[in-house]
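Here the protein sequences come in this chain order: A and B. When the first sequence is numbered by the working numbering, its final residue is 210 and no position is left out of the sequence of numbers. When the second sequence is numbered by the working numbering, its final residue is 471 and no position is left out of the sequence of numbers.
Simulated from the structure, these hints should not be mistaken for laboratory data. Some hints could be false.
Have a look at the derived ranges for each label pair, beta carbon to beta carbon [to be verified]:
#, chain 1, residue 1, chain 2, residue 2, range
1, A, 138, B, 460, 51 to 57 Å
2, A, 99, B, 18, 52 to 58 Å
3, B, 288, A, 101, 21 to 27 Å
A short, non-exhaustive set of chain B residues, derived as facing chain A with CB atoms under 7 Å [what the hints assert, rightly or not]:
#, residue
4, 58
5, 63
6, 124
7, 128
8, 139
Calculated from the model, a selection of chain B residues having no Cβ within reach of chain A, i.e. all distances over 12 Å [said to hold, decoys possible]:
#, residue
9, 18
10, 21
11, 132
12, 167
13, 260
14, 349
15, 352
16, 461
Glycine included, C-beta positions come from ideal geometry on N, C-alpha and C.
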Amino acid sequence: MIAHAVFFYLFSFIAIVSAIMVTAARNTVHSVFFLILDFISISCLFIMIGAEFLGMIMLIVYVGAVAVLFLFVVMMLNVAQQKNQWFGSSKSSSHIPVGLLVSLIIFFELIIVIGGWKYKPDLLDSKTIIISETTTNTHSLGNVLYTDYIHLFQLSGMILLVAMIGAIVLTFRQREGLKRQSYISQISREKKDGVQVVEVPNNKGVKIDV
Amino acid sequence: MMNLDLIFPEIFLSLSIMTLLMIGVFKKKSENLVYNLSIITLAILFAMVVNLFTINEQFIFNYSYKIDNLSSFMKALTIISGIFVMISSSTYLKSLNILKIEYPILILSSILGMMVMISSNDLIVFYLGLELQSLALYVLASFNRDNILSSESGLKYFVLSALSSGLLLYGCSLVYGFSGSTNFIDIANTSTNIEYGVIFGLVFLIVGLAFKISAVPFHMWAPDVYQGSPTSVTLFFAALPKIAALTVFIRFLFTPFINLIDQWQTIIVFISIASMIFGAIAAIGQSNLKRLIAYSSIGHMGYALAGLASGTNEGIQSSVIYISIYLVMTLAFFSCLFMMRKKNVFYEDIQDLSGLSANHPILSISLLIILFSLAGIPPLAGFFAKFYIFMSVIEQSMYFLAIVGLLSTVLAAFYYLRLIKIIYFDKPKQTFEKDHNFGLRLTLAVSTGILVLYFIYPGLLNELVSKIIVI
Numbered sequence: 001m002i003a004h005a006v007f008f009y010l011f012s013f014i015a016i017v018s019a020i021m022v023t024a025a026r027n028t029v030h031s032v033f034f035l036i037l038d039f040i041s042i043s044c045l046f047i048m049i050g051a052e053f054l055g056m057i058m059l060i061v062y063v064g065a066v067a068v069l070f071l072f073v074v075m076m077l078n079v080a081q082q083k084n085q086w087f088g089s090s091k092s093s094s095h096i097p098v099g100l101l102v103s104l105i106i107f108f109e110l111i112i113v114i115g116g117w118k119y120k121p122d123l124l125d126s127k128t129i130i131i132s133e134t135t136t137n138t139h140s141l142g143n144v145l146y147t148d149y150i151h152l153f154q155l156s157g158m159i160l161l162v163a164m165i166g167a168i169v170l171t172f173r174q175r176e177g178l179k180r181q182s183y184i185s186q187i188s189r190e191k192k193d194g195v196q197v198v199e200v201p202n203n204k205g206v207k208i209d210v
Numbered sequence: 001m002m003n004l005d006l007i008f009p010e011i012f013l014s015l016s017i018m019t020l021l022m023i024g025v026f027k028k029k030s031e032n033l034v035y036n037l038s039i040i041t042l043a044i045l046f047a048m049v050v051n052l053f054t055i056n057e058q059f060i061f062n063y064s065y066k067i068d069n070l071s072s073f074m075k076a077l078t079i080i081s082g083i084f085v086m087i088s089s090s091t092y093l094k095s096l097n098i099l100k101i102e103y104p105i106l107i108l109s110s111i112l113g114m115m116v117m118i119s120s121n122d123l124i125v126f127y128l129g130l131e132l133q134s135l136a137l138y139v140l141a142s143f144n145r146d147n148i149l150s151s152e153s154g155l156k157y158f159v160l161s162a163l164s165s166g167l168l169l170y171g172c173s174l175v176y177g178f179s180g181s182t183n184f185i186d187i188a189n190t191s192t193n194i195e196y197g198v199i200f201g202l203v204f205l206i207v208g209l210a211f212k213i214s215a216v217p218f219h220m221w222a223p224d225v226y227q228g229s230p231t232s233v234t235l236f237f238a239a240l241p242k243i244a245a246l247t248v249f250i251r252f253l254f255t256p257f258i259n260l261i262d263q264w265q266t267i268i269v270f271i272s273i274a275s276m277i278f279g280a281i282a283a284i285g286q287s288n289l290k291r292l293i294a295y296s297s298i299g300h301m302g303y304a305l306a307g308l309a310s311g312t313n314e315g316i317q318s319s320v321i322y323i324s325i326y327l328v329m330t331l332a333f334f335s336c337l338f339m340m341r342k343k344n345v346f347y348e349d350i351q352d353l354s355g356l357s358a359n360h361p362i363l364s365i366s367l368l369i370i371l372f373s374l375a376g377i378p379p380l381a382g383f384f385a386k387f388y389i390f391m392s393v394i395e396q397s398m399y400f401l402a403i404v405g406l407l408s409t410v411l412a413a414f415y416y417l418r419l420i421k422i423i424y425f426d427k428p429k430q431t432f433e434k435d436h437n438f439g440l441r442l443t444l445a446v447s448t449g450i451l452v453l454y455f456i457y458p459g460l461l462n463e464l465v466s467k468i469i470v471i
């Protein structure tokens, strides 16, 4: 039980510190690194209490998609570069030490939580929550999601639909004068559409309608 | 087998949203068609909801969805005002060139979210309804995306609303953690003795909800968002989400937290007093009519909450009457705004009203009625709305609340009367176009008519509302 408490406080401490660092870091790329660390620490906490489905979903959705998306956005907008110039630190390769530090902490966290979960199940076990041995988290979630909570499931679908419509409304622009490729008209083009035989008078030239 | 008839309106609305979306996507230039079909959808929906009105309290989906007279009445109110919002604003949308197929679809999805909120009897259902509703509203606020004010208001509303949703969720998680259930009835059963965790959660929930109805001190977003959004969306903002949020307020305070009435009563009284005073004072210096109506709506929300603060069934009923009459006044006021149009430009400054009576006698007399009603001058409907609120407050011997409410009514009357002075006694400045479409005229005529004629037979609304019994 004491080991459980120690690990809980370790992960919580890392989660809180990295959450503070997300807002406190001057470099935006560093903020994103700490955001990833924060997500991973929280998913470790989830795995510790036996909610391995939630933990893995956190890893896949937040770390795998959201945080990497942030990283791309930050790098594409070049915010980090500007900050560097404002605060007068060295221009490049200042991400590497911070990135290394964050990834080292993540590595140790994963070793602790997955190692403990795999080889010594009683090390990281919480006795307060009853977890069935026979059914997995995913299985039991599916059991209620499509029966008792079907209305919530459908509503979430509507929310995603609205989000999609909203994103399209706010960003889609019908551009004028855009030239698009059309295979049909290219293939069905004939000689008489493209070639024009004109007699050119001497010293006059011709005008051709295109 | 559960009784699916009870959520048939919601199912119908979801299916029509998808059908309309498909029509809009596959048929070229179908903006008008989709817009009109949405109005028809709402009309059918109204009939369906009214059909459910007289049945007793019923639950579906494991007691997480509640159909009773309160929910049916509020849904009907939401839908009917949705219809009027849409028929009055079609000209506005066309002249601003923002009538796209997505506009009516987003309005319908927002209404779907509100219906879910109104019927919710469970924290998760409530939250999902709220998100569906506000997600559509974020997009609607910045719908005129080429206008910098509109984009700003959408972004501002999004950021602040996300913050309040965070607070709300934190409150939900605390309540769930300390009571062990997300269901309102179960929460009420487990929180009979005072637990500080639940009270903490309750405070966060009230903060989140107060943000949604823009009550002081969580009102900061309202003036900017009201001013920046297209006027048709402002009308939507001012009318519909308030009904849903007020219903959720009633549900929260009187179902899960009914045992904690001593705890929440002081908070609601504070929010109510602060909103009434702030709404009255801050509106005085405004020169933009949309901003002015934003502050005025903050004040009106204060009165609606005062009814809830009394903690009785009469209080709830007076709040429901108040919000219904507030809706009529808002619709009427905004139809006047839609009529201030010249060559596809809409005027919304107070000085544009100057001397309106010389060239537009009918528009000015309607504005006169609306402003008097907003100020609460008898015999117009606005007076009765305030009268019922104060009656129910005084019956509970909450004299301080009643006195502050009355005093702030007097303060607020100042700026309503100032508008009337500008309309009738200042020099004429502008003439506006007079060819308004039928929907706009109808909205103005119906809403002003209700305001004037309410006193002849107030029982029509009051009897309907008296069937709403929450506790």
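Numbers of the earlier hints that this structure fails to satisfy, in rising order = Violated: hints 2, 3, 4, 5, 9, 10 and 11.
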